[in-house]
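Please work from the sequences and hints to get the whole structure.
Number of protein chains: 2
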Amino acid sequence: MNRWLIENGTLVTMDPAAPIVHGWLAVEGSAIAGMGAGEAPEEEKRKARETVNGKGLLFLPGLVNTHGHAAMSLLRGLADDLALQDWLENHMWPMEAKFTGDDVYWGSSLAAAEMILSGTTTFVDMYDHMDRVAQVVEASGLRASLTRGVIGLCPPDVQTAKLNDAIQFARDWHGKADGRIQAMMSPHAPYTCPPDYIERIVAAAHELGLPLHTHMSESAAEVAQNVKDYGVRPVEHLDRLGLFSRPALVAHAVHLTDEEIALLAERGVAVSHNPVSNLKLASGVARVPDLLRAGVTVSLGTDSAASNNNLDLFEEIRLAALLHKGVSGDPTAVPAAEALRMGTVYGAKSIGLEGQVGMLKPGMKADLIAVSIAKPHFVPATDYVSHLVYAASGADVAHVWVDGKQLLRDRELLTLDIERIRFEAQRSFERLRG
Amino acid sequence: MNRWLIENGTLVTMDPAAPIVHGWLAVEGSAIAGMGAGEAPEEEKRKARETVNGKGLLFLPGLVNTHGHAAMSLLRGLADDLALQDWLENHMWPMEAKFTGDDVYWGSSLAAAEMILSGTTTFVDMYDHMDRVAQVVEASGLRASLTRGVIGLCPPDVQTAKLNDAIQFARDWHGKADGRIQAMMSPHAPYTCPPDYIERIVAAAHELGLPLHTHMSESAAEVAQNVKDYGVRPVEHLDRLGLFSRPALVAHAVHLTDEEIALLAERGVAVSHNPVSNLKLASGVARVPDLLRAGVTVSLGTDSAASNNNLDLFEEIRLAALLHKGVSGDPTAVPAAEALRMGTVYGAKSIGLEGQVGMLKPGMKADLIAVSIAKPHFVPATDYVSHLVYAASGADVAHVWVDGKQLLRDRELLTLDIERIRFEAQRSFERLRG
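Chains as they are written, first to last, in full-length UniProt numbering: chain A, 1 to 434; chain B, 1 to 434.
Heads up, a few of these hints could be off.
All copies of an identical chain are treated as equivalent in the list; a pair is satisfied when it fits inside any one copy or across any two copies.
Claimed, not checked - Computed list of lysine to any residue pairs in SDA-like fashion (alpha-carbon distance at most 20 angstroms, straight line): (1) K47 - G29; (2) K55 - E419; (3) K45 - G23; (4) K47 - N2; (5) K55 - F423; (6) K349 - P195; (7) K98 - T382; (8) K98 - R240; (9) K98 - D178; (10) K228 - P194; (11) K361 - E338; (12) K47 - L263; (13) K47 - D239; (14) K55 - R420; (15) K405 - G175; (16) K176 - R240; (17) K45 - N2; (18) K55 - R427; (19) K55 - I418; (20) K349 - L263; (21) K45 - C154.
Since the hints were derived computationally from the structure, they do not count as laboratory data.
Take a look at the structure:
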């Protein structure tokens with residue numbers, strides 16, 4: 001099996017047992033085979049077919065983006081500075097209704113290129129035409145948790161067809177692409193799916209043994225509507241419908257009461273915090289310090305490029321560290337190391353990949369990135385975690401590996417044809433705009 | 001005089017009369033000599049000694065960073081996640097007390113390199129050893145408003161010596177470096193300068209005909225202390241001391257009442273909004289939409305790299321557009337175009353350079369930057385202002401010119417020796433840390 005070696009690198013491991021290691025890391029096949037401080041042992045050097053000189057590079061686990069809609073990169077910059085419902089109903093949904101499988105393929109390819117170029121190695125994607133997204137994951141070499149998000153505001157036979165589509169996708173793709181693809185089941189949101197439909201989706205998730213993913217409590221208006229329609233707030237509503245009886249990841253969770261936070265913690269529900277999208281759509285500021293204090297696993301998502309408008313997870317990491325300090329008045333809220341965990345370890349945990357990705361440790365998957373620090377904004381060499389969180393950007397990522405395979409080398413994409421993708425994405429957009 | 005030409009470019013002019021021009025721009029000496037849509041006239045081509053192919057580039061005015069302390073880049077990552085007073089008194093000031101002129105020179109050089117690499121062409125700097133900062137401005141080719149910030153918590157003779165130093169600096173450097181350097185006068189803050197000392201600084205500013213710059217109302221604690229010490233809030237306090245009798249730029253202005261906003265508008269005081277620094281130090285969120293609505297000129301500053309921790313003004317522009325939507329609940333607050341004006345036109349206006357920089361227009365200074373859009377996060381080609389604000393980063397800047405002279409070419413610094421700067425900055429830091 002292919003064995004290769006990083007020498008002379010600074011490893012930001014995210015492993016509390018050895019957070020920073022100046023030394024070597026060996027990869028065999030898809031896994032980290034060994035690592036240590038100082039010079040690599042002679043045996044490691046002998047076994048390695050290739051060597052990466054780690055001088056001037058920080059190595060860290062690939063970032064995990066736990067909420068998005070990759071294909072919507074086609075809609076970047078189409079409609080900004082609007083409220084959530086107006087933006088969704090009058091701008092996004094009419095365009096998305098016209099999306100073909102090819103549009104989804106090229107939009108997702110565009111997103112995949114951008115994610116690799118900014119250090120994301122695993123992403124969660126909720127959309128339609130998911131077989132085309134899975135093809136992008138397969139081709140790009142990324143790792144992903146994919147789910148056909150279903151909106152149930154339609155006749156029963158259409159609801160059933162959508163659910164069957166989601167089930168079929170999961171059967172076809174779960175565990176595929178050398179195990180890099182996982183499937184999830186997804187009611188789009190409590191306000192877009194009637195209760196009985198959510199129950200059917202939950203039942204299917206039980207049958208398939210899959211986790212659930214949904215949007216929840218993104219805007220205050222949506223929470224008020226839930227109370228009006230169902231007499232309870234979204235957390236209790238979804239809990240009653242069984243959504244938390246399976247491993248579940250909810251996106252946004254901006255508007256929560258203390259009781260809801262306690263219930264999420266009790267049920268082990270993970271939250272994908274999307275600070276840029278929440279600010280841009282004026283949804284509000286999630287209670288992240290309170291969620292973390294309650295023991296909820298909080299990870300980070302970009303949401304789509306239509307409400308962000310990029311997929312650079314370093315920005316979410318930085319904003320998670322900054323925003324909650326400023327809003328709470330507590331300068332120790334979400335310290336740098338915690339923000340970086342949100343983008344790595346907690347991301348992995350929130351989609352069932354704890355112990356597999358999100359950390360540099362022998363036995364774990366070789367999903368890692370190298371950040372070039374030969375730049376003014378990494379000087380002086382003081383606290384690398386601080387620099388990664390407060391000073392770095394995705395553009396500092398030099399190399400990316402997933403499953404031991406290199407996807408980016410000196411910022412050159414090795415698995416994707418970026419010229420073709422830019423051309424096709426632009427063409428899709430122009431056809432959609434009509 | 002040297003005349004050169006950009007052909008085939010997309011010009012984001014910031015001029016409301018012609019916001020986006022697909023065409024050409026000619027520079028002669030330090031000024032924009034002409035511009036227009038479509039192909040450049042034959043005469044322009046004939047006159048140009050050099051031509052820049054603008055394909056795949058967005059040209060816009062260089063960014064204006066209206067508050068910072070360049071030399072503090074030496075302290076990047078030294079102390080994070082702390083409250084303002086603790087951070088200042090126990091971490092920053094003890095280190096800064098040891099700064100020599102050489103430290104200021106290399107720290108400011110590091111900042112200059114970072115600013116050029118991220119598209120800033122004009123910056124405001126308040127610090128000590130300002131002659132060394134001026135030397136950096138001279139050598140780097142940047143434009144700057146420089147001011148020796150004085151802290152008056154010291155015996156009268158030291159106060160006088162500091163004020164004389166500030167006056168001498170202004171006499172020596174105002175208008176120097178081919179007019180790229182302007183001087184200002186600066187009491188550091190109302191809480192670090194006794195009232196009579198502020199009055200003496202204001203008197204000196206009148207004598208020299210210079211604008212004033214100060215920190216104001218950054219934290220709630222500081223406002224409460226002002227009320228306790230002087231019976232009024234900082235705006236009224238400074239107004240009584242005459243600070244607003246000259247053109248004035250105040251940094252932060254986070255904690256303001258409606259009355260204070262009205263008074264700032266009435267006095268024509270400009271505000272430098274520093275959103276990243278304000279969040280990181282948990283100072284709070286400035287009332288930017290209210291300030292803009294009242295007619296106050298609000299520009300953007302990074303503050304120092306010690307409380308940011310980078311000098312990428314694109315981040316401030318983006319955060320200005322995002323933060324106030326999320327916090328106010330109004331998704332139309334600070335739209336993209338307004339945020340970009342804050343980083344360009346309003347920046348220029350806030351330091352008396354209106355009509356000279358901050359806009360691409362014949363007759364104005366040739367301070368401009370080129371952003372490379374041949375990247376996934378600029379696809380599809382929809383709204384360039386949206387992409388610049390919501391998707392771009394400083395790392396997308398390919399070329400930079402100030403006063404018609406190129407400072408950055410394909411991300412290569414033409415006026416600064418970055419290897420030497422990194423080495424010297426690291427050495428300064430290690431000596432300071434002791």
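Against the structure, the hints come out as follows:
1. K47 - G29: within (13 angstroms within a copy, 60 angstroms between copies)
2. K55 - E419: Intra 31 angstroms, inter 15 angstroms, cutoff 20 angstroms: inter-copy only.
3. K45 - G23: within (13 angstroms within a copy, 56 angstroms between copies)
4. K47 - N2: within (9 angstroms within a copy, 59 angstroms between copies)
5. K55 - F423: Classified as between: cross-chain Cα gap 15 angstroms, same-chain 36 angstroms, threshold 20 angstroms.
6. K349 - P195: neither (28 angstroms within a copy, 56 angstroms between copies)
7. K98 - T382: between (51 angstroms within a copy, 18 angstroms between copies)
8. K98 - R240: Intra 35 angstroms, inter 63 angstroms, cutoff 20 angstroms: neither.
9. K98 - D178: neither (32 angstroms within a copy, 57 angstroms between copies)
10. K228 - P194: Answer is within: at 14 angstroms inside a copy they meet the 20 angstroms cutoff, but 58 angstroms across does not.
11. K361 - E338: Within one copy only: 19 angstroms inside, 46 angstroms across.
12. K47 - L263: neither (51 angstroms within a copy, 73 angstroms between copies)
13. K47 - D239: Intra 52 angstroms, inter 73 angstroms, cutoff 20 angstroms: neither.
14. K55 - R420: Answer is between: at 18 angstroms across copies they meet the 20 angstroms cutoff, but 33 angstroms inside does not.
15. K405 - G175: within (18 angstroms within a copy, 56 angstroms between copies)
16. K176 - R240: Result: close neither inside a copy nor across copies, 33 angstroms intra and 72 angstroms inter.
17. K45 - N2: within (13 angstroms within a copy, 56 angstroms between copies)
18. K55 - R427: The answer is between: 19 angstroms across copies meets 20 angstroms, while 41 angstroms in one copy does not.
19. K55 - I418: Close across copies (18 angstroms), not inside one copy (28 angstroms); limit 20 angstroms.
20. K349 - L263: So K349 and L263 pass the 20 angstroms test inside one copy only (19 angstroms; across, 52 angstroms).
21. K45 - C154: neither (61 angstroms within a copy, 61 angstroms between copies)
Hints 6, 8, 9, 12, 13, 16, 21 from the list above are not met by this structure, while the remaining hints are.
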